[in-house]
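S.K.: Input sequences plus hints: build the corresponding full structure.
Number of protein chains: 4
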Amino acid sequence: MATPQFKELRRSYGFDEVAIVPGDVTINPDQTNIDFKIGNFTFSIPIIASAMDAVTDVNFATLISQLGGLAVLNLEGIQTRYDNPQEILAEIAQVSDAEITPLLQKAYSQPIKENIIGERIQAIKQSGAVCAVSALPANTKRFAPIATEAKADILVVQSTVTTARHTSRSLRGLIFPELCQSVAMPIIVGNCVSYSACLDLMRTGISGVLVGVGPGAACTTREVLGVGVPQITATIDCAAARDKYLGESGRYVPVITDGGFRKGGDLCKAIAAGADAVMIGSIFAQAKEAPGLGYHWGMSQPHPALPRGTRIKVGTTGTLEQILFGPASVTDGSQNLIGALRSAMGVCGASTVQEMHNAQMVIAPAITTEGKSWQLSAT
Amino acid sequence: MATPQFKELRRSYGFDEVAIVPGDVTINPDQTNIDFKIGNFTFSIPIIASAMDAVTDVNFATLISQLGGLAVLNLEGIQTRYDNPQEILAEIAQVSDAEITPLLQKAYSQPIKENIIGERIQAIKQSGAVCAVSALPANTKRFAPIATEAKADILVVQSTVTTARHTSRSLRGLIFPELCQSVAMPIIVGNCVSYSACLDLMRTGISGVLVGVGPGAACTTREVLGVGVPQITATIDCAAARDKYLGESGRYVPVITDGGFRKGGDLCKAIAAGADAVMIGSIFAQAKEAPGLGYHWGMSQPHPALPRGTRIKVGTTGTLEQILFGPASVTDGSQNLIGALRSAMGVCGASTVQEMHNAQMVIAPAITTEGKSWQLSAT
Amino acid sequence: MATPQFKELRRSYGFDEVAIVPGDVTINPDQTNIDFKIGNFTFSIPIIASAMDAVTDVNFATLISQLGGLAVLNLEGIQTRYDNPQEILAEIAQVSDAEITPLLQKAYSQPIKENIIGERIQAIKQSGAVCAVSALPANTKRFAPIATEAKADILVVQSTVTTARHTSRSLRGLIFPELCQSVAMPIIVGNCVSYSACLDLMRTGISGVLVGVGPGAACTTREVLGVGVPQITATIDCAAARDKYLGESGRYVPVITDGGFRKGGDLCKAIAAGADAVMIGSIFAQAKEAPGLGYHWGMSQPHPALPRGTRIKVGTTGTLEQILFGPASVTDGSQNLIGALRSAMGVCGASTVQEMHNAQMVIAPAITTEGKSWQLSAT
Amino acid sequence: MATPQFKELRRSYGFDEVAIVPGDVTINPDQTNIDFKIGNFTFSIPIIASAMDAVTDVNFATLISQLGGLAVLNLEGIQTRYDNPQEILAEIAQVSDAEITPLLQKAYSQPIKENIIGERIQAIKQSGAVCAVSALPANTKRFAPIATEAKADILVVQSTVTTARHTSRSLRGLIFPELCQSVAMPIIVGNCVSYSACLDLMRTGISGVLVGVGPGAACTTREVLGVGVPQITATIDCAAARDKYLGESGRYVPVITDGGFRKGGDLCKAIAAGADAVMIGSIFAQAKEAPGLGYHWGMSQPHPALPRGTRIKVGTTGTLEQILFGPASVTDGSQNLIGALRSAMGVCGASTVQEMHNAQMVIAPAITTEGKSWQLSAT
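As they're listed, the protein sequences go chains H, F, Y and A.
Its first residue numbered 1, the first sequence is counted upward by one per residue in the numbering used here.
Its first residue numbered 1, the second sequence is counted upward by one per residue in the numbering used here.
Its first residue numbered 1, the third sequence is counted upward by one per residue in the numbering used here.
Its first residue numbered 1, the fourth sequence is counted upward by one per residue in the numbering used here.
Note that these hints are calculated values from the structure, not bench results.
Any given hint could turn out to be false.
If several chains are the same, the list does not tell them apart, and a pair holds so long as it fits within one copy or across any two.
Claimed, not checked - Within a straight-line C-alpha distance of at most 27 Å, the following computed DSS-like cross-link-like pairs (lysine-lysine) qualify: (1) Lys7 / Lys37; (2) Lys37 / Lys106; (3) Lys151 / Lys313; (4) Lys288 / Lys313; (5) Lys263 / Lys37; (6) Lys288 / Lys263; (7) Lys313 / Lys125; (8) Lys263 / Lys313; (9) Lys141 / Lys263; (10) Lys141 / Lys7; (11) Lys263 / Lys7; (12) Lys263 / Lys244; (13) Lys125 / Lys113; (14) Lys141 / Lys37; (15) Lys37 / Lys113.
M.R.: Pasting the structure below:
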């Protein structure tokens, strides 16, 4: 009798399950270079604020650009549906839990106004910031020309899962090689989580890939669809695709890990796993300058039949500058992310993000009582 | 000295420990076909309501048939012991926790009336629904002729563990090849969890297999007997048996994963693991139309010496239609199961249930704090 | 450079981490034979009550013998220090938590009286029960002759860890081959947990081995000394030693898994892992007839410098007969242990304990929410 | 297509995930020798009190030396900044949680006074104790001569991660071979966690290595930087480096596991994993004689931008003698550490610490309910 063919399951790992091993050499944190490049743009910190309405508006994009990073404005969110988005954002922050779902549904049923898109992009540009904007794949053909005209710098095409080959009833979906031809900006596409899907995307000619689908067990994507890959494994796989693509094309397409971060340690682990940059949502929703006013919510477009995400009170812990560079006023690792990254790179002897990709990592489960009560380091 | 022979333990996996990896191609959810066939019957959704008294009665069977699925009426439960089962069901829903065990014992000590069996089957048939009925292996010889006469469509022979070869003191137990000869209906048998036991059952000529024994650590079968296999591994193993049997016989015997589902993600994972359909109990007990009136209980025949199962308050969350097709009024993934399945198939690029069997899966433990607090997806 | 030599760690498993896979054939539970033999004694159930003061006294030993099992009277516990042990047992059950440690220290500092040893053994024998008694290795030379004279049937030599080769300052420790020569009774020795230590013990000529050292993570042995092996792995290893020894000697030395049981499922798993019998403490301390009066405590001889164990309120759940044979009044699996064992053997198609050793097992972690809320089996 | 190169993750283990397997021979605990040697010093117990201000002052160093162990005085802590450190220690123990961070910042911003360093060392020496002192690598060149002059016995160079090759902007960092030449004392360096980093350090000529970086999942180093290795794996790796270095140099450089201990079992596991000694902080902070007065805190030098550690109330459980030698007044394994170690060595048949390195260990997860409620050992 032939051996039965059982479906194989591969072990995957999330932030909580791994740790970085210090290196054999160490360097001073202030000697680390953490530049991140996308197309011809160079950012002094490898941090991108996500295209969520509780995180990125014109003001936040301006601010993070001044601090060395980048923010992505969602062209299909609150900001492009309302002349005065502050009003509806304040309302979202004020209504009771019982009222929030209908309010969000109403808020996102307002039509997107193309003239506001232009205004928002110009406002960001006028501040001197690099302007990145995002659209769903299905709407990219509509919004890309508007963004181009308004002189946006970077286009992000993002949905829960985006592949180079999508089949839909419409005659022709979005063809990335054509998009890259027609749009002069660098294009970042996502999200994906596997080696082959990431490699496929890179081969279309795009300039960056967002990594992350249902990273945590409590993610709505994982809960409702059963779909997802923990972020460390997803990052490792997509980094391998990047290195493969670099070998075959000579072109370095950065991998941006998106989602699931709660603290500096997570960010350091993503970089050590192979990410060139990270896209951060929740932690930034806690910034004083965040448009969410201490709240965070998921869906830019609530699906009436399959709602995912809900409004969460995240609170306000400090300024964006404090979150990025400290001084940390909290001890949970959610502030001074850059200080943490530089320190981690220092103990790994990594002077660049790319060198940090070579740091050793171990599987070290989060669930242990070891040192739970009073683990303290001597120095 | 020879190497000692240690008993080997194989790792198994449950719903919470795995996740589905998105595919390299994606399709629109509305282009997926989720038909499920058993014998000559085709159902438009791969969903079967379980043969439990809190789930299936004539009305529920009629309703789910209209919605594209199937329900199994337990011939040895409340429905065939009482002319008016509503009375005793209402009583079960009303008594205190202290009174429930004796009440259940009393309720199931009433004799099964053969004339009521006929009435129930005819009522389901008259509604236009496909009628499936179930009996224990030991009682199948008694009830199969009655079900045949009443023109039931599908016979389910089900116990905690059913094998093709059972030894008992009685001279001749149930011989499945003989049963398949004598009964004109398609026969579904279960439950089983291993490759070899499933293959044995398929070789008897039956038309479907139910998969699931003590799937969860908190199952009474697992707690009390130590027996059980988590559902993903059980489904993978039985799917391998199905494929093996298809190769040797040319006959496709569907695998129906039964038990342990709490949300859409679980259902998607079972299908991705190889199931052709799923049998659902608890989630349906929460339907407005469920005969359990917001309660659920396990034993059709409480064993006086080894009680298993008890009455659980599951509450009522929505209509059956809502549970199957949405709109979801809750965000825990227990509603719009079909929408979830089609979406998961979409991101895996699977246009049929059989194509979904090829989706990659990873082991991704449930126990992590990753994104626990406010994991939200951007789009 | 040579490869570094890292110490290797082998994965081990406890009750909660495994489950039994149903077999390809099934038999009726009432056709199972669960006899257990030690020396020339045959017991109709493979159950031994442990030598703990909250579990075994003359009355309990008599009762369990009548029910088909065996109990071990601790020759160094309360029973042989007091003419009227009921008094001190009642006191132990009544004092406050603050008073218990000094009381236990006082209780066990009373001298052991050799005449009481004889009386206790004779009382058990007069009831018609098989009489098993236990002593620490260091005290075996002193107590074995007394037990022999009083016509005890089985001698148990037990300490936390007992090996065939113990080094102490005293000129000659206990030599098991000599003990086997000098004592006419079957000798059971323990505890051990590894293949080699168990094989060593069997080669000394003894008649049974107790398996179990610090089985659970919360065991005092594990907490305080870091020493222990989870029971499934310990049982698998010692069962391999038994089979090895059977092959080389033709003599079958039963393996008795001792400790860590909380419910029928655990017992079934131990048997499936290779145990010939199980030694039960805590569950029996919950019997109405247990001398501990609803309490349980660990140390027969509290060590003043390194206290281990403490008094625990376990409550009283039913009679010993109910715990062994049901009917179960609780649903946590702690009653009707024999019914559970026979049922598990039935679904595995095992007609004897030795056949049950061939049951397949899977690693199936306890920690999952799968079916946590309302997992119920249909039949 | 070439196989993609995925970053590999190695599994690592902490105290809670492993257990020691009893040996095939056993010896009496009182026949064990647990001497620990560093340079020409021999200590009768392999225990070092860590260089933390809540643990080690002159009095504590004197006391532990009398009991056979060693303490390390932090030259950059409270003790060398204040003529009368009792005052500030009392204040740290008294202020509210809200006031503690600024107080600690203030306390450690006082300048270190070189004359006090000399006084402290002389006070320890005058008591007859062996005097070990610690400094950060960056400050070692400044403090080593002072310590030498004051006749300290052992120099500890310690930071979170210390390597043999550190790059900094300053022209020349600390060169360990040169330090070993210039300082007559044995030098202990740390912390490190990997085979190669440990081997590098040993090859510089130092006399001992401290092992431990972010051992627990809740460690600040792990939380904030993502950096760390669980202690069992770190100890195994560094022990392999020690054995490698012994083979190539003939010199035995002891490995001292530092951090994460909560009870005797952890200590026994570290020794079984290959440690020659352990450095203990938190448990000693609970001693009546500890300068922390029932509190413990981490940072000798709070970093204003990236605060790690905080003040924790650990309470006072007994005298240092009780913690080391019992009698234990608590049952959590945090007292009579030496009794626990000797007992564990006894059941492993190890008469020396080096023999204990050969004890078998198993992976035995902490997370199980096995025996959780009332696991008790019979003897």
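S.K.: Quick check: which numbered hints come out false for this structure?
M.R.: 2, 3, 7, 9, 10, 12 and 15
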